[in-house]
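Enquirer: Sequence lines, in order, name chains A and B. Residue 1 is where the first sequence starts when you use my numbering, and the numbers rise one by one after that. Residue 1 is where the second sequence starts when you use my numbering, and the numbers rise one by one after that.
Calculated from the structure, these hints are not laboratory results. Being a predicted model, the structure only gives us computed values, none of them experimental. Cβ atoms here follow ideal geometry from the backbone N, Cα and C, with glycine treated the same way. A hint or two may mislead.
Said to hold, decoys possible - Just so you have them, the derived chain A footprint on chain B, three or more residues with Cβ under 8 Å:
#, stretch
1, 27-36
2, 39-50
To be verified - DSS-like mimics (lysine-lysine), calculated; alpha carbons at most 30 Å apart, straight line:
#, chain 1, residue 1, chain 2, residue 2
3, B, K44, A, K40
4, A, K40, B, K80
5, B, K81, A, K10
6, B, K81, A, K80
7, B, K111, A, K81
8, A, K80, B, K49
9, B, K44, A, K81
10, A, K173, B, K80
Number of protein chains: 2
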Amino acid sequence: MELLKQRIIKDGKVIGNDILKVDSFLNHQMDVQLFNEMGKEFYKLFADKEITKILTIESSGIGIACIAAQYFNVPVVFAKKSEAKNLDSDAYLSEVFSFTKGKTYTIRVSKNYVNSNDTVLIIDDFLANGKAALGLAEIVEQAGARLGGVGIAIEKGFQDGGKLLRESGINLKSLAIVSRMHDGVISFAD
Amino acid sequence: MELLKQRIIKDGKVIGNDILKVDSFLNHQMDVQLFNEMGKEFYKLFADKEITKILTIESSGIGIACIAAQYFNVPVVFAKKSEAKNLDSDAYLSEVFSFTKGKTYTIRVSKNYVNSNDTVLIIDDFLANGKAALGLAEIVEQAGARLGGVGIAIEKGFQDGGKLLRESGINLKSLAIVSRMHDGVISFAD
């Protein structure tokens, strides 16, 4: 998505060769006009999947998911993160390892809000190692729902997540795939 | 706002006399169509304030804030919560005590995204004791910005937050004020 790539080049901050900060428009301050263009693009990519629900994860996926949901005309559910492994028979749970924080957390979605009649689109702001997306996909599977696809704003193509998801047969679409960051210069995959 | 009150009556779950669960449409599953009606209502209530930015707090304020921002045509910034009191000279910080969790956490907003040219509208899903809203208002003040108002989806009128904010001169508007919950029956203030 050209508009997003241009914005990453304009406002993204590269730290070293693997950290990309986009908190001026994506995940701290949020440019809702840009989110609308992204939402339209997600709709183009997944319109044929008969999506009934968008699933995301707190916190920075929520804004993009809600704006995109307007085009699909479906509700959004966000998975909650917690460090406690408390049992909760009313919720689907999955364990996600965070490389950033160096620890595993539990994500949780109430059984009331995803079920076997759903076709779910997972939306998130970033894809790096893919652990969060795989955790969400596992919850979709636990619910007996169909996974219509995974829509990501920015994929770090030089990390394993994209490969992992695509090889497991998941219909992954990323609006911008960063292939390389070097000396502050950002390159994109086609 | 009649539509929200009716939805609370229809889908809200009262636990005891003070817990109101609205996670089927507001803060776990999110009804984005309802959020749009709420966004229009917030715009009616604050249209004359020349809002330049909407400020909310992760996680459950983000969806409502992003949808509402479309009517104001402004960006959203969400305050991040952390348990660590780490110093961060690039951010405005405030301490918020959570009665639900029985502990104090730090909220943080980058200095890059709120400044003295801003007129800020704070939006959140719930107002109970008002600590989160007051923490956000303190950040607006630290930034030298004007506080255009505080817009809340559901105010628990039987807790202190509303009184506290109104008495401190804050322009607080809540779309639904629950005045009492008793034997599972929800009453609203006018």
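Enquirer: Does each hint fit the structure? Answer for all of them.
Expert: Okay, the hints, checked on the actual structure:
| no. | hint | in the structure |
| --- | --- | --- |
| 1 | 27-36 | holds (count 8) |
| 2 | 39-50 | violated (count 0) |
| 3 | B:K44 <-> A:K40 | 26 Å, holds |
| 4 | A:K40 <-> B:K80 | 27 Å, holds |
| 5 | B:K81 <-> A:K10 | 28 Å, holds |
| 6 | B:K81 <-> A:K80 | 14 Å, holds |
| 7 | B:K111 <-> A:K81 | 27 Å, holds |
| 8 | A:K80 <-> B:K49 | 34 Å, violated |
| 9 | B:K44 <-> A:K81 | 34 Å, violated |
| 10 | A:K173 <-> B:K80 | 28 Å, holds |
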